[in-house]
Amino acid sequence: MYETIADLLAAATAQQKPISELIIEQEIKLSHSSREIIWATMGKNLEVMHEAAIKGASGAGVTSATGISGGEAVLLKKYREKGQSLSGDTMLLAMQNAVATNEVNAAMGIICATPTAGSAGTLPGVLSVVTERLHLQRDDQIRFLFCASAFGMIVANQAMIAGATGGCQAEVGSASAMGAAAAVELAGGTPEQAAQAFAMAMSNLLGLVCDPVAGLVEVPCIKRNVVGAVNALTAADMALAGLTSQIPADEVILAMKRIGQNLPASLRETGLGGLAATPTGIALKMKIFGQDVSIHPDDENNDSARES
Amino acid sequence: MTNRYRSVFDIIGPIMIGPSSSHTAGAVAIGHVANRLFHAPIKTVRVRYFESFAQTHRGHGTDYAVIAGVLGFDPADRRVPNAVDLARRQGIEIAFIEDQHASPIGHPNTAAITLANSEKYLTVWGCSVGGGAIEIRKIDFNGLIFEPQGSLPLIYVEAEQEIGQALDQIFGANYRLPRVTLMRGRHHIYQLDLLDKPFPEQLEQARRISQDLISL
Numbered sequence: 001m002y003e004t005i006a007d008l009l010a011a012a013t014a015q016q017k018p019i020s021e022l023i024i025e026q027e028i029k030l031s032h033s034s035r036e037i038i039w040a041t042m043g044k045n046l047e048v049m050h051e052a053a054i055k056g057a058s059g060a061g062v063t064s065a066t067g068i069s070g071g072e073a074v075l076l077k078k079y080r081e082k083g084q085s086l087s088g089d090t091m092l093l094a095m096q097n098a099v100a101t102n103e104v105n106a107a108m109g110i111i112c113a114t115p116t117a118g119s120a121g122t123l124p125g126v127l128s129v130v131t132e133r134l135h136l137q138r139d140d141q142i143r144f145l146f147c148a149s150a151f152g153m154i155v156a157n158q159a160m161i162a163g164a165t166g167g168c169q170a171e172v173g174s175a176s177a178m179g180a181a182a183a184v185e186l187a188g189g190t191p192e193q194a195a196q197a198f199a200m201a202m203s204n205l206l207g208l209v210c211d212p213v214a215g216l217v218e219v220p221c222i223k224r225n226v227v228g229a230v231n232a233l234t235a236a237d238m239a240l241a242g243l244t245s246q247i248p249a250d251e252v253i254l255a256m257k258r259i260g261q262n263l264p265a266s267l268r269e270t271g272l273g274g275l276a277a278t279p280t281g282i283a284l285k286m287k288i289f290g291q292d293v294s295i296h297p298d299d300e301n302n303d304s305a306r307e308s
Numbered sequence: 309m310t311n312r313y314r315s316v317f318d319i320i321g322p323i324m325i326g327p328s329s330s331h332t333a334g335a336v337a338i339g340h341v342a343n344r345l346f347h348a349p350i351k352t353v354r355v356r357y358f359e360s361f362a363q364t365h366r367g368h369g370t371d372y373a374v375i376a377g378v379l380g381f382d383p384a385d386r387r388v389p390n391a392v393d394l395a396r397r398q399g400i401e402i403a404f405i406e407d408q409h410a411s412p413i414g415h416p417n418t419a420a421i422t423l424a425n426s427e428k429y430l431t432v433w434g435c436s437v438g439g440g441a442i443e444i445r446k447i448d449f450n451g452l453i454f455e456p457q458g459s460l461p462l463i464y465v466e467a468e469q470e471i472g473q474a475l476d477q478i479f480g481a482n483y484r485l486p487r488v489t490l491m492r493g494r495h496h497i498y499q500l501d502l503l504d505k506p507f508p509e510q511l512e513q514a515r516r517i518s519q520d521l522i523s524l
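Sequence order for the protein chains is Z and A.
Just so you know, this note's numbering puts 217 at position 217 of the first sequence, and the rest follows in order with no gaps.
Just so you know, this note's numbering puts 362 at position 54 of the second sequence, and the rest follows in order with no gaps.
Derived by calculation from the structure, the hints in this document are not laboratory data.
It is possible that some hints are incorrect.
List time: in silico DSS-like cross-link candidates among lysine-lysine, alpha-carbon distance up to 27 angstroms [stated by the list, open to error]:
| # | chain 1 | residue 1 | chain 2 | residue 2 |
| --- | --- | --- | --- | --- |
| 1 | Z | K44 | A | K505 |
| 2 | A | K446 | A | K351 |
| 3 | Z | K78 | Z | K223 |
| 4 | A | K351 | A | K428 |
| 5 | Z | K257 | A | K446 |
| 6 | Z | K55 | Z | K223 |
| 7 | A | K428 | Z | K29 |
| 8 | Z | K223 | Z | K82 |
| 9 | A | K446 | A | K505 |
My request is simple: use the sequences and hints to build the entire structure.
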């Protein structure tokens, strides 16, 4: 198994193969499965991603059960159609697909976790832009997902990808870095440039906390995927232009891990700190649940059992 | 490093009903482990949450997710959001408990799921480590308690005879840790902690010795 990004780069250089190919070969070996089955399974994931991005931006869009999110991917789409955006159509496309995917997730629709559900919009946002700019075919898009997964697996094993253990930097931060690296590979960059893009994308989101209002994967999660997608594209462009990170990718991953471990529990998916603890965040929580449902560890009350 | 994530589909995937891979898809997976290990009609389900699971299970749909898993649903099954109602309509009694203590298995996303009927009970302590991946760190089979290190794959085999050496012959080359055997009277339960997924032929061979084999 590839345990570090340095391992991946060394193998890519020695074998003269793209990273996506190395990880497909590893998957065949570890899963006792065939290339055809693995390729088709990734193809199914790609299909689910496309469907979610389309669903979230069609008609009036989707709305979550709580009503605190939804319908905004459609606003981005309409704004895009006017052609007068500040950041240009390419960025708007990434933004629209990121928001659409996470709105579908919040509305209990079907999505593909990449690497998590809370960060499910980041990769589709990046992939839609790379597909349009580079005229990618379906097989290239599948390859993008394999390359992203190679980097993601190293983060997951060396550090973490759960908001509850590492904050949002571990979810959207990881997704963004994975997307940046895969974008570079598909754009014809070297494995070394892919690792540079990964390092820069992750570095730029270090410290991002997980502070979901009412503990829901809606506010601020949906729009943080916009930052993840846009950050990935800028990091990929920086790497393709020849910019470098100075801090190697493997060390950035370990920095992310240490920061995650040092984050207080209130900023790790408990809904007790950050935006969740603002007056409006608390008011939304009360409105949704009809009561303050947070458990304060210093309370001496007995466990609360509820037939919810 | 434990290499808990060994497949590209742990990272890209699962395909699932939202909203959270750890609190929804992972919770389905833990419930599913309980369902498979219990493999008997269920009368009651008691779900005890710790830490992040205790704080946010409502917002993340963890309740319906765990019950969906207990009913044997897939994380992308359209019935997932209605699982609690479906289970109650089948006459299953369900309770959710928010425990304010630290997780007894040392992870913020912890659920302890107890399934019971008039004959037996089973409790699984699982944690959702991110992206839908889970670990199982403790299992109480009606009083016989295993404490695996957590990472999958794990295999549990129940048999009314001593078959440990036969299992070693089939799976031994793939053991991550030595086999653990617990017994009460003639009833044996074997825990096999594996490095890699077993081959289908190995499972087939072992099932000829005992049908009661669950590969997690």
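Tested hints:
1. Of the pairs offered as hints, the one joining K44/Z and K505/A holds, with about 22 angstroms between alpha carbons and a cut-off of 27 angstroms not exceeded.
2. Only pairs whose Cα atoms come within 27 angstroms are accepted, and K446/A paired with K351/A is accepted, the gap being roughly 22 angstroms.
3. Using a Cα cut-off of 27 angstroms, the hinted pair K78/Z and K223/Z holds, with the two alpha carbons roughly 17 angstroms apart.
4. Taken as a hint, the K351/A and K428/A pair is honoured in the structure, with Cα atoms around 10 angstroms apart against an allowance of 27 angstroms.
5. Proposed proximity of K257/Z and K446/A is supported: the alpha carbons are some 26 angstroms apart, at most 27 angstroms.
6. Proximity of K55/Z to K223/Z is assessed by CA-CA distance (about 17 angstroms); at most 27 angstroms being required, the pair is judged to hold.
7. Between K428/A and K29/Z the alpha-carbon distance is near 40 angstroms, which puts this suggested pair outside the 27 angstroms criterion.
8. Proximity of K223/Z to K82/Z is assessed by CA-CA distance (about 21 angstroms); at most 27 angstroms being required, the pair is judged to hold.
9. For a cut-off of 27 angstroms, the pair hint linking K446/A to K505/A stands: about 20 angstroms separates their Cα positions.
Of the hints listed earlier, the one the structure fails to meet is number 7.
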